Amino acid sequence: MGPRAGALVSPGLILFVWLTTHCSHPQAEGFSQEGLDASRAILWASANTSLLQGFWCQPASQLSRDQLSALIRRMASQQVLLKAWQLSCLANLAALHGLQSDFSLHPPDLLLFYNLGQVREANCRAFTRRAAQGDTELLANLPDQRAALQHSALACLGVPHTRLSASDLLLLGVLLCDMDASSIVASDPHVLQNLQRCPPLTPAQQTALNMLLASGRTMLGPPISWNLEGLQALGPLATYISSSLWMQVQEAVGLDFFGSMVAACRTGQLSQRHTRRFVTSFLEAKAKTKSMFSRPKRGTGRPCIQGNITVATLQDDLFLVHYDCSQLESCLGSRVLRANLDPLLQHPLPAECQRVIKTKLARIYPSGVPEEQLRLITSLVYLYSPMEISQWNITSSDTVVALLASDVALENQTEAILQNFLDHKGNITSTLLVAIEGSRLCWMSPQQIQAIRPLEFRLAGALDITACPQNQKDVLYYKAREAFGSGSARTTAAYYHFIWPYLGGAPIEELQHLIQANISMDIHTFASLNPRVLQSLSVDNVTTLLGQNIGDLQKARSHPTISSWLRSLNRSALSQLGLDKDPDSPIGPTGPVHSTTGTHNNTPWTSHVATTLGGPGNDAPTSGSPPVYLGYLPLAVALPSSLLWLLYHGTLGPHWGCSQGTCVMASDNSAVLAGGAGCRGQGISPRHRKPGHSRSLQGRSCPHPAPRTWSCTEGLGTAVTIGSPTPAS
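The sequence shown begins at 0 in numbering that gives the first Met the number 0 and counts up one residue at a time.
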């Protein structure tokens, strides 16, 4: 959005504001199930990628079959990346309208969530080929669906999974990543193309990969004949090559490849973590080879043999080949280190060399590394103790982001860095929370979490805390409830749309409030609930809580939390849920996985999901899938996202406010939002890796419930005028 943003507001943004305002709090705005008319549906179906990433089910459930089909196809053509809870809901809607047969025009990620029992046998290869282009990591909370997907694919092939041909592998794509390591060695060498798309390989898969490469059966041939082009064609798999194989590669080829990998790392094309894995293995092979042809040197000193390290030396991509860690210690002077810390740490230094640098910095800065240098040592943070970190002088949130935005800092470092910042009068803002990612909340002390102002917590949007231990989830839930509402607000759909990421720490009373709110919780949020709290819920409670998503229990019945709850039920209760088989039985999402000789069910989809979806006239909400959050919006819609927050204000009660500013009612048919002192936006650090985050609005609060539209004054810049929703009756 440029300087003329106030004059140019796209129809897609207008629709987005309308959808969020009307559909997020239907009770407050008199929302009806028929509220989404054809013109707005057409606008959404033609929206750009940024807006489509904000898809959520409640308004989408009002689309006609043709409109929903157009929306799904546009998502495919725009290659829109959706989250698991969005895809689960969209798959249910597609099934309700009988759109699964159009799978060839749908996003591959969406196919992963489809009812596999309804894939016709004649279409199974085409379906598998399309689904195999998706990201199976999206099924992390749906283990039964993930297993059924693989089993169905192998059944479709009709061959033993240990002997996969090139055509089989082409069909399986990323689905091979979940197979036994033995399949890698036994399959056609084209399996390397499949493995390139896998998430980090398991140790067993790494061993199998090296066995296959050592056999010489791949396009690279035996290691002695490997060349630069062949190694580069391996992509990320090259970082798993063992030191024993590197010892067999011709020295010139290995050095050329080493230089290319380090160059890619220094320019940001390859992560330091992956490059360091390769460098460590390669240098280990070089050291072994050297020791085979030279006698160990006697003496206690470590003279600088390679020559003093200079600025020019650090520009060489083969720097780490020429200077091992002992030579780094002997040949790197304090003056060069102080002036060239950044180019030095751009090299993927092995852990031993990192410790050498840390020791040298301690000699240079005995009172602690100065703040301007702290932003350069992100790769070394894990080496520092809380006591050492307490000696630093962290006064800027940019320094905190630099130190924590990477995945290097561990639990003790995170707490110590944030405490140092707070001790220097710093504040944990929403921008900082988004930049360092929600996982850092897991490692903050309860006192640090309590120090976050509710407004900042609200503006941070949905933060991922799934990795947190249960005791930390409990603390975060109560902080979120303080920020997002209490009392009567807890029985509104809008409240759920904000609180859902933190429900893993919710007590039984909170879930009872949500049951009264008649929301439909997605299966991913359900799986994150406190297992002890879940045990207190009856079958009727769960049925009401999940609503339209009750059928997704089948896809996640082996998830530890859900499995534990299912085991507490008797057979009658399981039958009520349609899960009367043993939870440990190897079944797919709708029943036993078909064998290679079986016949696929060709009848129309009649699963429980389709029959429980709310339709026009149904009092139950059509979806509980959360809407887009301020923290997850792209920069292109930062201004409308700020407006959405103000629009939500009126629903959640007088405690939802924006203090320290002046808020005035705008005209009846417009909402004016001005930037500046009244509503100030802060950008997110470019180091933050999550796509689609917006600038956070440093909101100002009003002491009374907000009217339909607001203007934040004291601002500078161009105002944006957007049509307001229909007044509530």
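Among the hints, a few may not be true.
Unchecked claim - Restricting the straight-line Cα-Cα distance to at most 20 Å, the calculated cross-link-like pairs of lysine to aspartate or glutamate (EDC-like) are:
1. Lys359 - Glu370
2. Lys424 - Glu414
3. Lys357 - Asp422
4. Lys424 - Asp473
5. Lys285 - Asp323
6. Lys82 - Glu120
7. Lys285 - Asp316
8. Lys82 - Asp65
9. Lys359 - Asp323
10. Lys287 - Glu228
Think of the hints as simulated: they come from the structure by calculation, not from any bench.
Only a predicted model underlies this, so the values are computations on that prediction, with no experimental measurement involved.
Task: Structure-inconsistent hints, enumerated in ascending order - done: 3, 4, 6, 8, 10
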